[in-house]
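Q: Below, each chain spelled out in residue letters.
Protein chains: 4
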Amino acid sequence: MERLHLVSREARARDTIVQVGKVKIGGGHKAYIAGPCSVEDETQIREIAQAIQDSAQILRGGAFKPRTSPYSFQGLGEAGLAYLKEAGRQVGLPVVTEVMSEAEVEMVADAVDMLQIGARNMQNYALLKKVGAQSKPVLLKRGVAATLEELLLSAEYILAAGNSQVVLCERGIRTFSQTFTRNTLDLSAVPILKQISHLPVIVDPSHGSGDWNLIEPLAKAAMAAGADGLMIEVHSRPDEALSDGPQSLKPEKYRSLIKKLNRLVAVLEEEKQ
Amino acid sequence: MERLHLVSREARARDTIVQVGKVKIGGGHKAYIAGPCSVEDETQIREIAQAIQDSAQILRGGAFKPRTSPYSFQGLGEAGLAYLKEAGRQVGLPVVTEVMSEAEVEMVADAVDMLQIGARNMQNYALLKKVGAQSKPVLLKRGVAATLEELLLSAEYILAAGNSQVVLCERGIRTFSQTFTRNTLDLSAVPILKQISHLPVIVDPSHGSGDWNLIEPLAKAAMAAGADGLMIEVHSRPDEALSDGPQSLKPEKYRSLIKKLNRLVAVLEEEKQ
Amino acid sequence: MERLHLVSREARARDTIVQVGKVKIGGGHKAYIAGPCSVEDETQIREIAQAIQDSAQILRGGAFKPRTSPYSFQGLGEAGLAYLKEAGRQVGLPVVTEVMSEAEVEMVADAVDMLQIGARNMQNYALLKKVGAQSKPVLLKRGVAATLEELLLSAEYILAAGNSQVVLCERGIRTFSQTFTRNTLDLSAVPILKQISHLPVIVDPSHGSGDWNLIEPLAKAAMAAGADGLMIEVHSRPDEALSDGPQSLKPEKYRSLIKKLNRLVAVLEEEKQ
Amino acid sequence: MERLHLVSREARARDTIVQVGKVKIGGGHKAYIAGPCSVEDETQIREIAQAIQDSAQILRGGAFKPRTSPYSFQGLGEAGLAYLKEAGRQVGLPVVTEVMSEAEVEMVADAVDMLQIGARNMQNYALLKKVGAQSKPVLLKRGVAATLEELLLSAEYILAAGNSQVVLCERGIRTFSQTFTRNTLDLSAVPILKQISHLPVIVDPSHGSGDWNLIEPLAKAAMAAGADGLMIEVHSRPDEALSDGPQSLKPEKYRSLIKKLNRLVAVLEEEKQ
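Chains as they are written, first to last, in our numbering: chain S, 6 to 278; chain D, 6 to 278; chain Y, 6 to 278; chain W, 6 to 278.
Where hints are given, some of them may not hold.
The list treats identical chains as interchangeable, and a pair is accepted whether it falls inside one copy or across any two copies.
[Unchecked claim] With a straight-line Cα cutoff of 25 Å, these simulated DSS-like cross-link-like pairs (lysine-lysine) come out:
(1) K258 with K277
(2) K255 with K277
(3) K141 with K264
(4) K265 with K134
(5) K277 with K141
(6) K255 with K134
(7) K134 with K35
(8) K277 with K29
(9) K258 with K134
(10) K264 with K134
(11) K141 with K35
(12) K277 with K35
(13) K255 with K35
(14) K255 with K141
(15) K258 with K141
(16) K277 with K134
(17) K27 with K141
Simulated from the structure, these hints should not be mistaken for lab results.
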């Protein structure tokens, strides 16, 4: 393994606590991030924000979408950013969105409370250096074929550039097993990353499975494995979603899931004492 | 997907409950299987059996060991079988062991309460037909590169041969991610297998991780994902184990883990009501 | 890596030459194995044998077929064996077929000139020991998720049991890449296996691709990478084949391919001098 | 499969011929690209350029290096670019180098004859659009976990932005098989990509294996599979290389390899007529 200077457990006596607006992640603080894959229009994101405001700590929504095909919906861009920001403001939740281009880092950082680096860009070092040089916290998703060491070394690029506010996100890896799931959620990543690094670790069961039917069991499993939070895609009308509908929960299902997770986490926390 | 006749959810209105001695698995019944990778001598298996008797429902121990190299310890064979049977009798637990050869199926079935088909033999159809033609229940482990459909079709071989008492076992798949774990435990397999089939599903976090440090978080995650039980390797002196020491829990750690799992499962069960 | 005693390059100064009937493989001798996936009836195997007799050194044909589903065509069994043997006798080619069961090793060894161990049984150690204890040469196929070390250690089981006549076969591994091919043919396996072991290595581009369109380029590539031969599925009427039709070449295509390969191999051999 | 508009075989009756300086790739034109992983100083790149000038058509050398760790050698940057350009000018070869940052596309395009998009950036869509909007040809490497469809859709981003001069490069995928090779070279990608698209396809056996010992057999295999060229790392003193020494050929080995490849290609071309 290559040397990990800044993100290794040895580098800090205590867990890093990442602050997103008024929300804390890590060091015992759990946070749930929820919202649609893409911001589709002003009403859509506002409705979803209202529906999840009591069951999530952070609102997500994509304005710039990395799509495999250049002909797929690419997101609303700056307009989407404005709708997301306003929806978050109305319900009092900080917001997170993906940034895909070096040239847009500053603009996106001005609009939102947390920047997401997507799986496809986990080793886009020019982008990592850019988000490391600004002051908003960063959500770094694991690449579909990235080892845990590579994930931590990508986080190291951000920390080395001056930004210590990084949350890691396991979101499924690409394996031979593709009949029932888009990816294989690697939950062993959670305890391993927490053993060797001081950074918070969350899990995205939506991309990790690609099937809303699997989100509840995998969300519970992720928290039981020790995750510091979850990122879950929620959409009021999954059938009409412009992207990732099949893996989105309806708001009422999401709220019901969070209630169950809260009870589960309470038991898990009791045991630690 | 190829047609699944006997193991598909449609084939039975209710979950199959597999009976191992007096122990039930499936249909709401959870079972923990524990014991050493290999039966090493009469004292070793008896000591471990005594140490776990209150925290496990079934005792495991390998007498015939499938080893990658012909020069590795191959198990004690029939003597190991006798020690295992006697250790189980003394503590009142049914026993399970792997059978590797068609020629040994009857002998092994006479000695133990459940036959295990290992990951390497998941598609050894001659062996599957043989265990399908005898009356003891079968624990069928997923091959390291087997799809869930292939696992179910291997189970189908056993059911089609006349034996409906089959428990499926997820034990990790082989992926690019090999630095920190021997295999990648695929916990999405648990809810998927339970959705499409009526057979009970357990998880082996010992082989699934290869590292005793990871067993507790992965065991909790497996139960949270809906598993009907666990198979965990336990050894009194892991450092001296003839096989798989690094992934074995000491008995006191195992007992402590089961207490935590019992509380966790209680909360998970409450929610269902 | 575990120690390789018998199959390692150090164990023998010279390449092993495996003798199948009057045909030699290894140590500079190239051999092409061809024939249908399954023996379907007496006429089918005889026609194919006649069509390839001048372009192949060994005739293949499955009598006992390992099928993922118990409801798929399982082969003609002993009758298939007799048809294969007779077809080989008529055209003067030695024959190879798969053996799946310990109980059938002797019967199959009596009927054919070479025993094949399929990919699913590469780590069926009871079967490996059995084929190691008889005198016919063995064609050992790599498992879909087997490392090269595991393949060699499985060969070691056969050699350690007394049979030194083993040919290794690369036939594609299971990876995330599944849209256009059934498996990913790992041609780097050829030079690596030849560097670290003294056993002959052949390649199966039919299973390695699953698509007859890809057989010609992959067959050429395999020979260019240094393979000692090829195993190619040939069927007179691929559309009506009971198994693996889409990856089977028609006889005229096969014969045309072999002519091209002969020229290619001649150039490759010249360069060595 | 998602729709491929511009890169699909249907989109053009003829193979695309990509022009790099005076060199052609595709449509029957083969090209070998060679040079060091990194430009290390003025002398190093000049010496290598002189050593390969008669055996390569294009000179490669990294000035901006994507490194997993932020503490590894990151390349000489603009100085490296100047050394590469001058070395190419002296020996009369066009030059190719990787561009990693949107902000540097224009500067790099001014200095070199072909822009390389590395495997880590294959789905960096902001970068793909940028290189699509300038006029120099692009060498697009397949990501380590990219399907062939994803590779073609990334090429589609470049074509859709206005640049039709794209060469695809297979350079090994990430699989479970990691003991002897860094990656698994997927040579079936060559005939598949050429069947479904009109773009030229080359192969990089250096990254594809990670071991200079394997370059010769894999280079031959790649050409036999139908590749339009190769990219091979060459270094005068591999032991002292600042990056990728173990997978670099010495110039004399490289020249000897090219002679063999020329004879091989001559035979392969004859057969087509």
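Q: Within a copy, between copies, both or neither: where do K277 and K29 come within 25 Å Cα-Cα?
A: within (20 Å within a copy, 31 Å between copies)
Q: At most 25 Å between CA atoms: does that hold for K277 and K141 within a copy, between copies, both, or neither?
A: Intra 32 Å, inter 41 Å, cutoff 25 Å: neither.
Q: For K255 and K141, with the copy left unspecified, which applies at a CA distance of at most 25 Å: within, between, both, or neither?
A: neither (30 Å within a copy, 45 Å between copies)
Q: Within a copy, between copies, both or neither: where do K141 and K264 come within 25 Å Cα-Cα?
A: neither (30 Å within a copy, 42 Å between copies)
Q: Evaluate K264 and K134 at a C-alpha cut-off of 25 Å and name the case that applies: within, between, both or neither.
A: Neither. Shortest intra-copy (38 Å) and inter-copy (44 Å) distances fail the 25 Å Cα cut-off.
Q: Within a copy, between copies, both or neither: which one fits K255 and K277 at a CA-CA cutoff of 25 Å?
A: between (33 Å within a copy, 20 Å between copies)
Q: Should K27 paired with K141 be assigned to within, between, both, or neither, using CA atoms and 25 Å as the limit?
A: Only inside one copy: K27 and K141 sit 13 Å apart there, 48 Å across copies, limit 25 Å.
Q: Given a CA cutoff of 25 Å, do K255 and K35 count as a within-copy pair, a between-copy pair, both, or neither?
A: Answer is within; shortest intra-copy Cα gap is 22 Å, inter-copy 31 Å.
Q: Give the relationship of K134 and K35 under a CA distance limit of 25 Å: within one copy only, between copies only, both, or neither.
A: neither (27 Å within a copy, 38 Å between copies)
Q: Could you figure out if K258 and K141 sit no more than 25 Å apart (CA to CA) within one copy, between two copies, both or neither?
A: Result: close neither inside a copy nor across copies, 31 Å intra and 42 Å inter.
Q: My question is about K277 and K35: at a cut-off of 25 Å on alpha-carbon distance, are they close within one copy, between copies, both, or neither?
A: Both: 15 Å inside a chain and 24 Å across chains, each within 25 Å.
Q: Within a copy, between copies, both or neither: where do K258 and K134 come within 25 Å Cα-Cα?
A: Result: close neither inside a copy nor across copies, 38 Å intra and 39 Å inter.
Of the hints listed earlier, those the structure fails to meet are numbers 3, 4, 5, 6, 7, 9, 10, 14, 15 and 16, in rising order.
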